[in-house]
Amino acid sequence: MSTGASVETADLLTDLPPSPAVWCSGLRKRYRRQPAVDGVSFTVGRGEVVGLLGPNGAGKTTVIKMLLGLVRPDAGDMLLLGRPARDPHARARVGYLPELFRYQPWLTAAEVLALHVRLAGVAVPPGEQRECLGVVGLADRAGDRVAGFSKGMQQRLGLAVALVTRPELVVLDEPTSALDPIGRADVRDLLLALKARGVAVLLNSHLIGEVERVCDRVVILDKGRVAAAGSLAELLGRRELRLRLDGVSADAERRLAAAGQLTRDGTTFTIALPADEDETVVPELVADLVALGVRVHAVEPARISLEEWLLDILRAGHEGERS
Amino acid sequence: MIARTVLTIAALTLQEAARRRVLWALAGLTVALLALSAWGFSRLGAELGSLTSGETRLIAAQVLNLVMFGLSLIAALGTAFLAGPTLAGEMESGTTLAVLARPVRRSAVVVGKWLGLAVFGSGFVAVAGLAQFVIVQVTVDYWPPQPVIGLALLAAETTVLLTLGLLLATVISPMASGIVSVGLFGATWIAGVVGGVGEAFGNEGVALTGTVSRMLLPTDGLWRGAMHAFQDPVALTRLGAEVEGGFPFLSDASLTPAYLTWAGLWVALMLGLAGLAFQRRDL
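These protein sequence lines are chains B and R, in that order.
Note that the numbering used here numbers the first sequence so that position 214 is 214, with each residue one more than the last.
Note that the numbering used here numbers the second sequence so that position 161 is 161, with each residue one more than the last.
I should point out that these hints are in silico values taken from the structure, not numbers from a laboratory.
Cβ atoms here follow ideal geometry from the backbone N, Cα and C, with glycine treated the same way.
Any given hint might turn out to be false.
Facing chain R, according to a computed beta carbon distance under 8 angstroms, are these residues of chain B, among others [said to hold, decoys possible]:
{"hint": "1", "residue": "84"}
{"hint": "2", "residue": "103"}
{"hint": "3", "residue": "118"}
{"hint": "4", "residue": "121"}
{"hint": "5", "residue": "123"}
{"hint": "6", "residue": "126"}
{"hint": "7", "residue": "153"}
{"hint": "8", "residue": "154"}
Quick look at which bits of chain B chain R covers, simulated, 3 or more residues with Cβ under 8 angstroms [as the list claims (entries may be wrong)]:
{"hint": "9", "segment": "62-73"}
{"hint": "10", "segment": "96-102"}
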C-alpha cells in the first residue's frame, strides 16, 4: 500500500511541469541612496531564450549578478532551476559569462576550463573540454596562457567556461562586446545551437538585432523596473500602416484615429494597427477615406522593428516622467 | 562541496604563487640573504678564535636570529603581497565573478586561498630556514636546540600575517592591504623591542606596550618564541644577567601554551571575519 502511494507520488512529481530556469519576484537593490533595481520580476522557462534589454544603467547587470549570488538583493525572491538562488547548489547547472570577463592569466585556456569543471563538481572528460574550446574557436590555443590572449579571445574563452559544465541555464552578459563581426555570427550560431538543445539562455545585449534573431521573449528594463516584457510575436505583432494623403478633413482624421493610434508628419499619417486586426480593416479604411474626399497617394504596410519599439517604450517612459 | 572548493582554490593559489614573478623575487632575495650570511658566518668563524665556546655560541645564536629575522621578513613580505592581489586584485579585475558564480561558498574560497598561502609560506620558511641551519652548522659548528619548533613558530608567524593580509584584502585595495599588513608587522616588532627595553629598566608602562602589541598581532610574540628555539639555552643562562630583556635578537622565555592558543584563536577569528566580510561584499 505504502509502496503504491510512493509510486503515485513519484508519478505525480514526474508529471509536474519542470520548474522554470529562472524565476524572480520583487528584486530590489540600492547602491547607497540610488535604487539600481526596483521591483523586478520575470521568468525564463526551460529551454527558452530570453533577452534582457534596456539603456545603460537600467539595472540589467545588477539583476544578473543578483541571480548568481554575486550581489546581495535588498529584497525579493529568486529560484534558479527550481532551487532558491541563495543556495550555492542552485548554480550547479548554470553557466555564466560576466560582462567583465577575466580569467586567471597564469593558467592556460585548458586549465581554466578544468578549474571550472572541478569547481562545478561535474565530471566532464578532458576530450569534451577540448571540444568545448573548439566550439568557441580556441582549439589550437588550448595550451597557451590566458595572459597572451586578446580581449576577443578571452571573451571566447569565457563562453567556453560558461558552456563546459553542461549547463541547463546559461547567463550571458554582453557576450559579443569584444568580438568582431565573425565572432558575433559565431555567438549567434552558438545561441541557436543551445536553443536547439533545450538549454535556457538569459541574454543581456545592446545589440538589438542579435536579440531579435535568437530570443523567444524579451524583458525590457528601464531605471531598474520592467518597462515591458513578452514574446517577440506579442510585442512586435503590432503592425503599422503608413499613408500619404492630402485633403484630410477633420472627419477624415477622426476616421483615421478610429483605426488605431495615429501620428501625423505633414502629409504622412502613421497608424499603429492593433495586433488582432483582421484583413478587412485596411481596404475599408481606404474606401472610407476616398468617400470622405481624401486624395490617397500611397498606402504602405510596415512592421515595427524591435529597435523602434524599444525606443518608443523608453521615450514614452521618460516623457511620462517629465509631464 | 566545501572541502572540494577549499582544496581546489588552495591548489590554484599555490599554482599562482609558483607561476607569478613573486616566487622568483622571493627566491632571489632568499639566495642573496643566505649567501651573505654564509660569508658572514665564515668570517665570524675565523674571528672568534679568541672567545670562549660559550661566547661563540651566544654570538652565533644572535647572528642566526638576526638572519632568521631577515628570512621571516621576506616570508612576511612575500605572503602579504601575495595575499592582497590574490583576493582584492581578483575582485578588482573581475576574475572572481566567474569563479564565485560556480556552486561554491565564498567562505570556502577564502579558506582555500588562506590554506594555499599558508602552505606556500610555511614551505618557504622550512626550506630557507633549513638551508640557513646547514650554513651555520658548516661555518661555526652551531645547530639550534629546537629547529623544528622554531621553524613551526616562524611558519605560524607568516600565517598570522597572511591572515591579516587576507582580511584587509576583503575591505581595501590590493596594494594598500599589503602595505598596511607589513606596516603593522613592523610596528608590532618595534613595540616588542620597546617593551623589552621597558622590562630591562623595570618600567611597567613601557613593558606593557610590548605585551599589548603581542596580543593584538601575534607576529612578534611568535617570533620571540622562534628565537628562543634557535638560541643556545646554556649560553643564555651563563650570560643571562648581561643581556636580559632589551635585546631584540635574543629571547629569554619560550612561549606559553596559553599564548599559542591565543595565536590560533586569533587566526581563526581573523579568517572568520575575512570570510564574513567577503560573504557580504557585492561584486
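Checked hints:
Of the supplied interface hints, the one on residue 84/B is violated, with its beta-carbon coming no nearer than about 13 angstroms to a beta-carbon of chain R, more than 8 angstroms. Taking 8 angstroms as the C-beta contact cut-off toward chain R, the hint placing residue 103/B at the interface holds, the least distance being around 7 angstroms. Nearest Cβ of chain R to the Cβ of residue 118/B: about 5 angstroms, under the 8 angstroms cut. The hint holds. Restraint check, residue 121/B versus chain R: the minimum CB separation of about 6 angstroms is within 8 angstroms; hint holds.
Annotation: residue 123/B was flagged as interfacial toward chain R, and the flag is violated, the nearest CB pair being 12 angstroms apart, outside 8 angstroms. For residue 126/B, the suggested interface contact is broken, since its CB lies about 17 angstroms from the closest CB of chain R, more than 8 angstroms. Interface hint at residue 153/B: violated, since its Cβ lies 15 angstroms from the closest Cβ of chain R, which is beyond the 8 angstroms cut-off. Evaluation of the residue 154/B hint against chain R yields a violated restraint, the C-beta minimum of about 10 angstroms exceeding 8 angstroms.
A stretch counts as covered by a chain when three or more of its residues have a beta carbon under 8 angstroms from one of that chain; for the segment 62-73 of chain B and chain R the count is 6, and the coverage holds. With 6 residues having a Cβ less than 8 angstroms from any Cβ of chain R, the segment 96-102 of chain B passes the three-residue criterion, so the hint holds.
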